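Chains A and B supply the protein sequences, listed in that same order. To convert, note that position 32 of the first sequence is 184 in our numbering; the numbers rise steadily by one, no gaps. To convert, note that position 144 of the second sequence is 153 in our numbering; the numbers rise steadily by one, no gaps.
If you are wondering where the hints come from, they were derived from the structure by calculation, not from laboratory data. Be a bit skeptical, because a hint or two may be false.
Said to hold, decoys possible - What the simulated footprint calls covered on chain B by chain A, stretch by stretch (three residues with Cβ under 8 Å from a Cβ of chain A suffice, anywhere in the stretch; the number is not a length):
| id | stretch |
| --- | --- |
| 1 | 90 to 102 |
| 2 | 110 to 117 |
What the hints assert, rightly or not - Short derived list, chain B residues pointing at chain A, Cβ under 7 Å:
| id | residue |
| --- | --- |
| 3 | Q83 |
| 4 | R125 |
| 5 | V189 |
No experiment lies behind these values; they were computed from the predicted model shown. A virtual CB, placed ideally from N, CA and C, is assigned to each residue, including glycine.
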Amino acid sequence: MSASGGATPTAQRSDQPEAEQDARAQARVERRQALARTLNTSPVYMFGVLLCIFVAFTVVNATAFTSVANVQNITLSAAPYLVMAVATTYLMIASGLDLSIGSVLVFANVIEAKVMGAVGGDGTAPVLIGLVAGIGVGAGWGLFNGICVTKLRVPALITTLGTLGAVLGAADLITAGNDIRTVPMSLVNFGADSFLGVSYIVWVAIVVTVVFGLILHLTRFGRHTYIVGSNIEAARRAGINVDRHLLKLYALSGASAGLAGFLALAQFASTTISGHSTDVITVITGVVLGGTSLFGGYGWMVGTVIGILIPITLNNGLIIANVQPFWQQVATGFILIAAVYLDQLKRRSRERA
Amino acid sequence: MSAVLEARDITKRYGHVQALSGACFEAHKGEVTALIGDNGAGKSTLVKVLSGVIAPDGGEILLDGEPTRLDSPQHAKRLGVETVFQDLALAPDLGPADNVFVGRELFKPGWRGRLRILDKAEMRRQALDAFVSMGTDVKDMHAPVAALSGGQRQSVAICRSVMWADRVLFLDEPTAALGVRQTRNVLKLVRRVAERGVAVILISHNMTEVLEVADRIEVLRLGQRVAQYRGKDTSVEELVGAMTGALDFHEEVRP
Ligand SMILES: Nc1ncnc2c1ncn2[C@@H]1O[C@H](COP(=O)(O)OP(=O)(O)O)[C@@H](O)[C@H]1O
Ligand SMILES: [Mg+2]
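Just chain B, same shape as in the assembly:
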């Protein structure tokens, strides 16, 4: 199966720090790909490059095999590539539906639409549909998201991206701040999104979580991909080994 999203030899330097030094990556339709690596391995930087937030210094990005330059996050979004960043970027004073449609507001039909009058009821309806169909527990469509629980807020951010992601969805550590039950729900949601045919990329520190949910696992170390696994063929020990370099004997023999 060919990759929906493929990155080849991506390089990115921040001053003296080589955040990515020829990183490769691929994600497939309908699969959950976990992207793991130690702190500072370059995961977030790679996600930012692949979602159009920062421009890489070098390398190639292919969407459905087509070489693509992502000029901005908006450009990436137009191509069906959505990202849930670690900080969620929700407007805390607005409601769940308002947040889902931020920057993509729906207008009433006819002359009212020409006056840019919002169709709040329709946005609320569509958002609620999304929340229900994705099995989230976001019910109160009128409360500001600041009044929701951490898990519900995460659900709002994920649903917002899911609603528009028809190709690729990046989730940067979506469960880092969540409790056990809320983590469960988010992982279920991640699986459900993949089943719709989206290529889901999950960044996580939690190896058991990764093994539970991922079809494929890509390991990043020092700005490069060092290993690829099938989720069912590997173990926590193997992943940790690849992340830390314990399995990579070339790297271990240093002068």
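So here's chain A without its partners, still in its complex pose:
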């Protein structure tokens, strides 16, 4: 995994005049400095932390923890979180916030099961129609959040706290609070099958992460996300349509929860209405641990991947070590606070420089 942040290497040409020798030497020095800077960032530190967690649990119970089945287990549990964390990375880089993703996941989860049931039969068609419906309603809730934040100017914290409650309530209304346990066999098979030893569910998360990671670090859309989060006024003056950009990011966040809901449905062959109340904590913790700033303008997708694996691995390891899994919640909560504190320290020291 490279933590280069998508920096493009400068093309080396041999036909340059001598006058540019100095410039090239300078460029070499700068590249070395850039490497030093890269090594001195959260994703690299956090990769170390992740390794430590791995080593610790391996020492505790090597046979159970480092088994292929368990590593597959970790990646499988991480997949829906990772999908949401990818969108959350965009949103947080743009100084946005979406607390409602867990509820939107549940709502989409329910809609997907309902739609698949309504279309009926087995095979790819009902599953795909359910998936599209789920991503659609997810994006719809995201758009609703985005409109409240950008057009009505309700702070994101309040808007998405409101939808956190409202959307979950709506999901409960639809199902009367009971999980839907009948899903098409083809969905169950999709959830159980794997390719190259990696579950399809994990593949979906990998593809989403890679594609959106590339968009974030290489394209203008990604660049504008950073600018909006770093200085919204600068973005406006540069002619970037800030509201429209944020609207897209909130919709992306909702859509990611819709996709995560689909992955959860495939994984458990049932809706999981009561299982996602702390998802948003895990996701935001992962994103912040990965080095994305709560204050916007800064973050890496690679960091998010590492960051999200920390609470998941912790949870998995604690269960294997026979520690009550509630400790994971306790630990994750405090880790989140510590990570934001460190982010703030970093900002302050930079501003003093």
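With the hints as your guide, set chain B with the ligands onto chain A.
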């Protein structure tokens, strides 16, 4: 010589405050024009009108003699009119080159360009060229601008505007927050930009600075132009007099 930018009888009212009451202004190619005036004289408002940020209530703007309506800052930019605002409007987390190309990103050639993939190396190269050719001391192209000194940040903001300004460049109090040496550098930069044939408009409170760098000086008071001078023909006393109205005897005789 005819003016690149000319404003005639610009009026702008904010509620009860008449910020501009028939202000005239002109700037010429290759010259540094200083726009001075007391606090609240309307300098910033005039700059905002002339750079498309706010629409005037009345009056006329001419670019190269052509009557022009500036609909937005983007419109003004397309016409070669750039502005460095007092607050710089830089993205602190991004690098100098990223800031120079904000909203004007360059893409890689071919299919990658169609996918809107940025050409970061090329942007960095062009930005560095600009920094070097304008004699600034911005060297680290990878550090976020938040990590640069105040003077370097100012240089980034100025270079960004200079790179795209082929007609007019407004600088609203570019030296207000700078030390002596950094002020020197910015003033040198201002002269160099003018020598390239751009009409540079410098807003400043510092009269010695204005006298040092400006070819022409326009004085604004109570929303109107009250005096025009050639830089070499005037003095601090005269400028302060015009700014405060001490020289304007009509205004002094009030009922
Ligand atoms: N957005 C605004 N709303 C209300 N009044 C304003 C606004 N901008 C400027 N003014 C008023 O217009 C007058 C001119 O202000 P300004 O152009 O900022 O002067 P200067 O830059 O010369 O100090 C002042 O009296 C100021 O209070
Ligand atoms: Mg002002």
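Hints versus structure:
| no. | hint | result |
| --- | --- | --- |
| 1 | 90 to 102 | holds (count 7) |
| 2 | 110 to 117 | holds (count 5) |
| 3 | Q83 | holds (4 Å) |
| 4 | R125 | holds (4 Å) |
| 5 | V189 | violated (21 Å) |
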